[in-house]
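**Q** Protein chains in written order, with the working numbering: chain F, 1 to 284; chain A, 1 to 366.
One or more hints might be untrue.
Computed footprint of chain F on chain A; a stretch qualifies when at least three of its residues, placed anywhere within it, have a C-beta under 8 Å from a C-beta of chain F [stated by the list, open to error]:
| # | region |
| --- | --- |
| 1 | 77-88 |
| 2 | 134-141 |
| 3 | 259-268 |
| 4 | 310-318 |
If we take Cβ atoms under 10 Å as the criterion, some of the chain A residues that face chain F in the derived model are [as the list claims (entries may be wrong)]:
| # | residue |
| --- | --- |
| 5 | V38 |
| 6 | S40 |
| 7 | L64 |
| 8 | V121 |
| 9 | N155 |
| 10 | I307 |
These aren't lab readings, by the way, just hints derived from the structure by calculation. Please read all numbers here as calculations on a predicted model, not as lab measurements. C-beta atoms are modelled at their ideal positions from N, C-alpha and C, and glycine is treated no differently.
Given next are the chains, with one letter for each unit.
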Amino acid sequence: MLVQVLNGLAFGVLLLVLSSGLALIFGLRGVVNFAHGAIYMLAAYVALSISDRTSFWVALVTVPILLAVAGLLVDRFGLRFLVGRSPLDMVLLTFGITFVVADVVQTFWGTHARTIDPPRVLAGSTDLGFATYPTYRLFVIATGLLVCAGLVAWLKLSRTGLFVRASGDDRVTAGAMGINVDRVSATVVALGFGLAGLAGVLAGPYLTLSPSMGAEILITTFIVVVVGGLGSIGGPMVAALLIGLANALATVQVPTLAAYVPYLLMLVVLLLRPQGIAGRRTAL
Amino acid sequence: MSGQPTVAATLRRRNRAARWQAVAWAGLAAAGLGAPWVVSLYQLQLAQQAVVLGLLALSIGWLLRQTGQLSFGHAAFYGIAGYATSYVAQEADLPIGLTLAAGVACGTVAAFVVGLVTIRVPGIAFAMLTLAIGMLVWVAGGQLHSITRGSDGLNVQLKGTLLGKDVVMYGNPVDAWPLVWGVLMTVVAALWALSRTMWGRRLASIRDNAERMRFSGYATYWPRVLAFTVSGAVAGVAGTLNLVTTSFISLSALFWSTSGIALIVAVIGGVRSVLGPPLGAVLFVVLQSYLAGSGNHYQAVIGLVLIVVVLVAPGGCVELLERGFEAARSRLPSRSRKEPDPSPSPSRPRRPPCCSSMTCPSPTAA
Numbered sequence: 001m002l003v004q005v006l007n008g009l010a011f012g013v014l015l016l017v018l019s020s021g022l023a024l025i026f027g028l029r030g031v032v033n034f035a036h037g038a039i040y041m042l043a044a045y046v047a048l049s050i051s052d053r054t055s056f057w058v059a060l061v062t063v064p065i066l067l068a069v070a071g072l073l074v075d076r077f078g079l080r081f082l083v084g085r086s087p088l089d090m091v092l093l094t095f096g097i098t099f100v101v102a103d104v105v106q107t108f109w110g111t112h113a114r115t116i117d118p119p120r121v122l123a124g125s126t127d128l129g130f131a132t133y134p135t136y137r138l139f140v141i142a143t144g145l146l147v148c149a150g151l152v153a154w155l156k157l158s159r160t161g162l163f164v165r166a167s168g169d170d171r172v173t174a175g176a177m178g179i180n181v182d183r184v185s186a187t188v189v190a191l192g193f194g195l196a197g198l199a200g201v202l203a204g205p206y207l208t209l210s211p212s213m214g215a216e217i218l219i220t221t222f223i224v225v226v227v228g229g230l231g232s233i234g235g236p237m238v239a240a241l242l243i244g245l246a247n248a249l250a251t252v253q254v255p256t257l258a259a260y261v262p263y264l265l266m267l268v269v270l271l272l273r274p275q276g277i278a279g280r281r282t283a284l
Numbered sequence: 001m002s003g004q005p006t007v008a009a010t011l012r013r014r015n016r017a018a019r020w021q022a023v024a025w026a027g028l029a030a031a032g033l034g035a036p037w038v039v040s041l042y043q044l045q046l047a048q049q050a051v052v053l054g055l056l057a058l059s060i061g062w063l064l065r066q067t068g069q070l071s072f073g074h075a076a077f078y079g080i081a082g083y084a085t086s087y088v089a090q091e092a093d094l095p096i097g098l099t100l101a102a103g104v105a106c107g108t109v110a111a112f113v114v115g116l117v118t119i120r121v122p123g124i125a126f127a128m129l130t131l132a133i134g135m136l137v138w139v140a141g142g143q144l145h146s147i148t149r150g151s152d153g154l155n156v157q158l159k160g161t162l163l164g165k166d167v168v169m170y171g172n173p174v175d176a177w178p179l180v181w182g183v184l185m186t187v188v189a190a191l192w193a194l195s196r197t198m199w200g201r202r203l204a205s206i207r208d209n210a211e212r213m214r215f216s217g218y219a220t221y222w223p224r225v226l227a228f229t230v231s232g233a234v235a236g237v238a239g240t241l242n243l244v245t246t247s248f249i250s251l252s253a254l255f256w257s258t259s260g261i262a263l264i265v266a267v268i269g270g271v272r273s274v275l276g277p278p279l280g281a282v283l284f285v286v287l288q289s290y291l292a293g294s295g296n297h298y299q300a301v302i303g304l305v306l307i308v309v310v311l312v313a314p315g316g317c318v319e320l321l322e323r324g325f326e327a328a329r330s331r332l333p334s335r336s337r338k339e340p341d342p343s344p345s346p347s348r349p350r351r352p353p354c355c356s357s358m359t360c361p362s363p364t365a366a
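For reference, chain A alone in the conformation it holds in the complex:
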């Protein structure tokens, strides 16, 4: 076994990496809180938009990362949560915390129901199906004009005190920033932790080879339904947060391009890492505000960026950053790396990597 990494060594390395990631997260979370003192009001407003878009992108990106399933329908949960929040706020006199929770809960329940039906459908049909269901919700939203006010949109007056501030204050980015940033970093941490649990690992195994997992006696249906629900809940949080900060929602929140933009953002940022989608959202918002002055061709630019990223760097910007980091590290003297790279022993060649369902023989074939 000389030269082969043992399971213990792999776990040790993984835990060390996790510790570094946690430290990096804490640093980023603390640094982000200082943003209002550094940037202008307009930039803070952009940052706030980026956080909301980043949360939606995170929900889609995390689902793609953990289950390999591409959802084009998350705008439905985003919009449903927003509309539910506004509806509850107008119709029932609940404390603001409960109102917001009710909104998120509605988005989550909707995701659960949709997940029950769609998760069975394999591969690419899943993407088409979620798209169709998202559009079904959009059509329904247009017909429920008395609740949604259609494309005119809805100005929502939220009342009450949230985290020691009148909720109206959150219309101001300076006041809202600690809230939106806190929510984003909490969600990032929670999703990262979830993907490191037993359940998260099992999801990844199902993604890589569902058939083998099923043959090994694991449930493959409910873990994925749960993942879809969790991801829908995050989309719901994004929708509710959007309502709190803008006090406005319209039918375009439900339209498929909302999902589409979030998906593009997630892919450009990189779905292999949990922080990728929010990073992509920042890039998108910056790009959009930069291009807004020059004829507003952001659609074409973002489409081209997506095409280039898919062709050149499927791991997104996070992958590019990692490559840069690796390149920089390999120039350093090797004493900085304590553990030498384990190389396969010459006497026993390593088996070819068997990771995707496309290359694995099914258990029955042997």
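The following block holds chain F by itself, in its conformation from the complex:
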């Protein structure tokens, strides 16, 4: 049972890293990043190539940075032109990116399933007293929680975090107060892409790499964000852990229904609270 909870936690933390990037980009740019799943997949494949040539640790550091740079480019040459236009245009733009990335991945890495080997230190299992558990998953849980704690601290405590929150709440006023909104936006989009990249690297040795992995997890991430509430950061974090746990427990207890669990959770939450657990109704 406790092992199931840990499994749920590991998947939940992965969703946590992904959905906080998504929620961050939405909160500031008003963009639902449909390319998030594709970026996550691209990160996993790039990590595969890098860790084959050097080591997993190099990939863990470089891949999020590479994708953050990609995020900067997308912001500079795409999203920035769409400020003031319908938010649906931004959705369509990121949706276009999804198709391009999917094609790139299929061209360079093929369509068959791959896995990344975890580094030797994390390869075995650890004795936790009540059970032995794969070390790598513990590493995923620890890293993910650490990163998200850092993200929340950055948003709540630092000066830049204050700017980010202010620009998300009211772009025009924040600009009038002397905040460089364009630069803040670029930072946030880069950070969001970087988080998707980190999730991709972390997922590499834990899940299987396939050209459909992005689309699959994107749906779950959307459910997390809708359940948690668009426009908030804390709500999706709670929802990610909730859905991760519910998923893992349902897989053991009611295997036939497990595939439906995230959807059912989403439907229940939306029927009771259309804006999600912590969402603001006016944000949309």
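Starting from the known structure of chain F, fit chain A onto it as the hints suggest.
**A** Only chain A this time, still in chain F's reference frame:
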């Protein structure tokens, strides 16, 4: 009021435009029927694919045009209609017309139910929610293996006589063409007419400012549920038509990329006009068949085209055509235009346009 267009003048101009659009539609419908005599069998087959994809794109595009809501879940209604048709055809011995109607009806009912739940959800969350529900249907389809046969797909034997021909004949594009073309043009005309009714105008007003409509005492929920149902019905027609012409359906019909491609097609063609999505479908099918020979990079190309269209011409190809048309017309001598452009009178500057909910102050704010 000198120089200001009166309401009557605006309506007159609009009616004149509508008359021209109706004439253009009739011409296009008649010309399209001649396609089998002009193009090769392979091209006709492509055209038939384009019609089915165009219908699906039309359903999504029309919803976006009338309600401003972006649906990523229409593959569900497309697939449900297809599977329902095949199921009814196998299990019940109904006349073929009723079988097809039952399939479309199932897609429509599914859209109605989904609309009831999702239409309340605002803006972008709606897009994510329809995507999630579409995937829920896909998951369910995979589990109902006895009905759907999963990704292996289902070969369906339809029996009976449809419009004076054995339904098996519709496997041949030459025989099927009048049917598919007729369905497309009928749907185009019907959706165009619907958007000109009182209901269609009300939908557009709700799209532009739902809050103001609600304050003015109009229902904002049921008109949109109805619009979603109508659009789901069109997706259902596309699914059933696909089954009739290909006699095959598989789980990929339900997968989200089916909706995604249709949405891209609608946007590339242009959602401001009813004919935009079918136009986009033609472009897509042509592009796909052209790229099929060279390493099949149609995904990347179509993604790039979408990105460029969104950045450069948000109105899609229809907008580009209109711009070209306007440019050509402005070169003509001005006597060809009887009605001069009304310009705002200098003494009374026109109020800034107030059309999107983002710029309008809410009625309470004043």
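**Q** A separate judgement is required for each hint: does it hold in the structure or not?
**A** How the hints compare with the structure:
For a cut-off of 8 Å, the count of residues in the region 77-88 of chain A with a CB near a CB of chain F stands at 0, and the three-residue condition is violated. A stretch counts as covered by a chain when three or more of its residues have a beta carbon under 8 Å from one of that chain; for the region 134-141 of chain A and chain F the count is 4, and the coverage holds. For the region 259-268 of chain A, the stated coverage by chain F holds: 4 residues have a C-beta nearer than 8 Å to a C-beta of that chain, and at least 3 were required. Only residues whose C-beta sits within less than 8 Å of a C-beta in chain F count toward coverage, and the region 310-318 of chain A has 3 of them, enough to reach three; the restraint holds.
Hint status for V38 (chain A) relative to chain F: violated, with the closest Cβ pair at about 32 Å, above 10 Å. A cut of 10 Å between beta carbons decides the hint on S40 (chain A): the least distance to chain F is about 29 Å, and the hint is violated. At about 8 Å, the closest approach between the beta carbon of L64 (chain A) and any beta carbon in chain F falls short of 10 Å, and the interface hint on this residue holds. Because the beta carbon of V121 (chain A) sits about 5 Å from the nearest beta carbon in chain F, less than 10 Å, this interface hint is met.
Among the interface hints, the one on N155 (chain A) is violated; its C-beta lies about 25 Å from the nearest C-beta in chain F, farther than the 10 Å criterion. This hint holds: I307 (chain A) has a C-beta 4 Å from the nearest C-beta of chain F, less than the 10 Å allowed.
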